[in-house]
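Participant: As they're listed, the protein sequences go chains A and B.
Residue numbers for the first sequence follow UniProt numbering, beginning at 1 and rising by one.
Residue numbers for the second sequence follow UniProt numbering, beginning at 1 and rising by one.
No lab work stands behind these hints: they were computed from the structure.
One or more of the hints may lead you astray.
Derived, one-sided and incomplete: chain B residues facing chain A with beta-carbon distance under 10 angstroms [claimed, not checked]:
1. Glu4
2. Gly6
3. Ala14
4. Phe35
5. Arg38
6. Trp40
7. Phe44
8. Ser46
9. Met52
10. Tyr54
11. Thr55
12. Cys57
13. Gln58
14. Phe61
15. Lys73
Here a beta-carbon is modelled for each residue, glycine too, at the ideal position from N, C-alpha and C.
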Amino acid sequence: MLRACLRGANATARNNCRRNPLTSVQHCRHYTAGETSGATKVVAAGLLTVSSGIGGTILYAKWDHKFRAAVEKNVPYSDLLFSLALGPSSQEGLPIKKQTELAQPPSMMDKQVKASKAKSEKKVKEAAESPAEESSPATTQPAQSIEEISQEASVEATHIISAIGEVPSVPAPCDTEAAAVKEECKECHDHKDTPVTAVVHPNTESPVAMEPLKERPVEEVAARLAQQDQEEQDILASVSASLEESLASSAKTTLQAIGAQEAALQAITQHTHKLKEAMEAEVPPQEKSAQWKDLEAALANRTCAMNDASTALLKANETLGSLKSVIDKSKGLNIAAVHPLVLAAEENLHNMIVDLDKVVTKVQSAESEAKIVSQYSELVNEAKQQFQREVSSLTPEIQANWKGLTGKLSADDLNALIAHAHRRIDQLNRELAEQRVREQIHIDAALEQQKLEDQKALEKAVNTTLQHVKEEARLEQERKLGELREVMEAEMRTQLRRQAAAHTDHVQDVLKVQEHELRAEAEQVLSSKMLEQETRYRQLNQEQLDNFTLDMNTAYARLKGMEEAIDSHVVAEEEARKAHQLWLSVEALNYTLKTTDSDLPTIPLKSAAEAVRDSCHDNDFALALASALPEESLHRGVYSEASLRARFNSLRSLARRVALIDESHNSLYQYFLSYLQAALLFEDEQKAPPTQLSREDLDPFKLLSYASYCLEHGDLELAAKLVNQLRGETRRVVEDWLTEARLTLETRQVVSLLSAYANAVGLGTTQAP
Amino acid sequence: MAEEHGRKWDRCLADTAVKTVTGLGVGIVFSVLLFKRRTWPVAFGSGLGVGMGYTNCQNDFRLPYLIHGRMVKDQ
Chain A
1 MLRACLRGAN ATARNNCRRN PLTSVQHCRH YTAGETSGAT KVVAAGLLTV SSGIGGTILY
61 AKWDHKFRAA VEKNVPYSDL LFSLALGPSS QEGLPIKKQT ELAQPPSMMD KQVKASKAKS
121 EKKVKEAAES PAEESSPATT QPAQSIEEIS QEASVEATHI ISAIGEVPSV PAPCDTEAAA
181 VKEECKECHD HKDTPVTAVV HPNTESPVAM EPLKERPVEE VAARLAQQDQ EEQDILASVS
241 ASLEESLASS AKTTLQAIGA QEAALQAITQ HTHKLKEAME AEVPPQEKSA QWKDLEAALA
301 NRTCAMNDAS TALLKANETL GSLKSVIDKS KGLNIAAVHP LVLAAEENLH NMIVDLDKVV
361 TKVQSAESEA KIVSQYSELV NEAKQQFQRE VSSLTPEIQA NWKGLTGKLS ADDLNALIAH
421 AHRRIDQLNR ELAEQRVREQ IHIDAALEQQ KLEDQKALEK AVNTTLQHVK EEARLEQERK
481 LGELREVMEA EMRTQLRRQA AAHTDHVQDV LKVQEHELRA EAEQVLSSKM LEQETRYRQL
541 NQEQLDNFTL DMNTAYARLK GMEEAIDSHV VAEEEARKAH QLWLSVEALN YTLKTTDSDL
601 PTIPLKSAAE AVRDSCHDND FALALASALP EESLHRGVYS EASLRARFNS LRSLARRVAL
661 IDESHNSLYQ YFLSYLQAAL LFEDEQKAPP TQLSREDLDP FKLLSYASYC LEHGDLELAA
721 KLVNQLRGET RRVVEDWLTE ARLTLETRQV VSLLSAYANA VGLGTTQAP
Chain B
1 MAEEHGRKWD RCLADTAVKT VTGLGVGIVF SVLLFKRRTW PVAFGSGLGV GMGYTNCQND
61 FRLPYLIHGR MVKDQ
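Given only the sequences and the hints, what does the whole structure look like? Please build it.
Facilitator: Set out below in structure tokens:
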């Protein structure tokens, strides 16, 4: 039983490898025939064997899946049998598993992809959001920065403005500040320009003056101010000079006048005194003449002094008048600094006038006294004269001077004189009585006259004193006014100074800021302009350079072209020469291929190949080709096609004989079988090979017939290809022939390539006319 | 290659012939000496010789295809 099983196994194994399974059944039948003699027994035994074989196969296939697959593959309908007996093979489950496995990872991949997609979407969203956020902060940042800058600028400005705002003066921007400056200047002008008498409320006047103002530039205002100051200074100087001059002159003259008046007064008093003395004093006659001389001298003195006094008075009055006119003129100039001078001059004038008036009154009183005295003296002189005349009329020979005539008179004269005297005394008594009678009337009249005169004098004195007092009061008022004005001026000046200081500070700050801004702007503009200029310059430069380089390049290119053309001509000629040489050498090589006998190889191609190599030692392609010649051909030479053909024909029979031997089946029995096959099988001597070989064409006999056909028709290559399809022992047998054929083919191919190349090169180098 | 084939055949046949004859002879000897002139040793010996020669011939022909180890079959 075991043997049967083993035999069965062997049979199945042989079934897998061989073509005819019938022999196994025959073998089995042959072996089992010895046990019983009946045909039925034989048949039963055979059937049993077969069934056991099949059953064993099925069992073993159930256990060994690979065996099952092998059997299914080799025995045509065994897969049906196996599926009936065992069910579908378990190998079918594996692809499903694989599919599930494949399905799972893709699903996981999908999930991953989805997750990654989600992530990427998230990221994209985030990225979209963040750029938006970033852009918005970015946009807000510049806006913020701009705002901040503007805020800062405004903050700075407000700081400045607030800092300025602390000062009581108005923190105005530049335009109005200038206007304010000008206004203030105009106020100053107004202050300076208002006349002394009119200015009582400068504040009320300044608003009035402010309205019709136009804006003037500060420099003009300053210039005007300076000019006005200068003018004032000049005027002041001139006025002061003139005042001083006139004051000096008037003082001098007044003093002179006063002196003259005093002198006159002195003279008058002296004269009066002398006169009185002369009138009343009883002095001896010698001294009387001296006295009278003194008196005359005194009178002359007095008259002289009076004249002098009057002239001096006139002069003084003149100068005083001029002084007054000067004062009035300077008053008319309306300059503040002049006032004190004017005031002083006026005071001086007043004092001088007062002094002069006093002296004049003194002189006048003295004069009046002197007048009285002189009247008295005149009366007395008149009486004396009359007496003298009477006396002289009475006594013509007596001299006038009766006091000195005591010794010279006679008794008649004396009697006449006494009678005259008595008569005179009577007359005088009568006059005296008349006078006494009229005394009262005369006294009343005199009193009246005196009263009138006194009143007149009083009036005059009162007037003068009133005038003087008025003048003094006016002067006092003016002085006080001047002082007040000064005080106010000083105050105003301090306030203005303060305001000016504040203003300068503010202006400084604003100027600083402005300067900064303007500088930045200017720098920016400058830099931009510079950049522009630079870029333009650079551009022009670059353009110029480019043009130049372009021209140079074109010229150079043309030169190069010409040079290259010439070189290429030279090169082409050289190439042509080389090509010719190459062609010649290749032709020589080709010729050597043809020098062959029927069975011997050609002469070695070495020399020809060397020649070819020499002729193309700088051409890689040709060198490669030349070196691609097989060594055998170089050393030994190659066989011709005819010899190969003959050899093949002799090889063919041998190949046919070992057609059945392949790598695995090469026992001697197989050799016998293949010999039998070769003897029994007939095929065409030559058969045209199809364009495409199918599986049946790979039969060695067919291949050999195809190859013969090809060889007969000169297609060594195809013959070699077909022969290459042989396998197994036939292949081994024709291996030599195949290598030879290959060699020949190689050599021929190389040579043909070389010749083609040489031809091509030659064609290429020949220049068309 | 063709010549080698022919040469192999020559060698093979000669070798087989020699072995057969040798086996025959050995068989005869044994038959005569030990086995009382039975025919089976002769047949045995000649068969042995033929077998040896056959195997040798086979191995000689297989030589180029012989891989040490085992024959690789497609599985």
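Participant: A separate judgement is required for each hint: does it hold in the structure or not?
Facilitator: Going down the list of hints, with the structure as the test:
1. Glu4: For Glu4/B, the interface hint holds, since the closest Cβ of chain A sits about 8 angstroms away, which is under 10 angstroms.
2. Gly6: holds (8 angstroms)
3. Ala14: violated (15 angstroms)
4. Phe35: Hint violated; Phe35/B Cβ to chain A Cβ min 25 angstroms, cut 10 angstroms.
5. Arg38: violated (23 angstroms)
6. Trp40: Since the shortest Cβ distance to chain A is 19 angstroms, the answer is violated.
7. Phe44: Not OK, violated: Phe44/B not within 10 angstroms of chain A, min 21 angstroms.
8. Ser46: Cβ of Ser46/B sits 17 angstroms from chain A, so the hint is violated.
9. Met52: For Met52/B, the interface hint is violated, since the closest Cβ of chain A sits about 12 angstroms away, which is over 10 angstroms.
10. Tyr54: Check passed: Cβ of Tyr54/B comes within 6 angstroms of chain A, closer than 10 angstroms.
11. Thr55: holds (9 angstroms)
12. Cys57: holds (6 angstroms)
13. Gln58: holds (5 angstroms)
14. Phe61: Since chain A brings a Cβ to about 6 angstroms from Phe61/B, closer than 10 angstroms, the hint holds.
15. Lys73: Holds. Min distance 7 angstroms.
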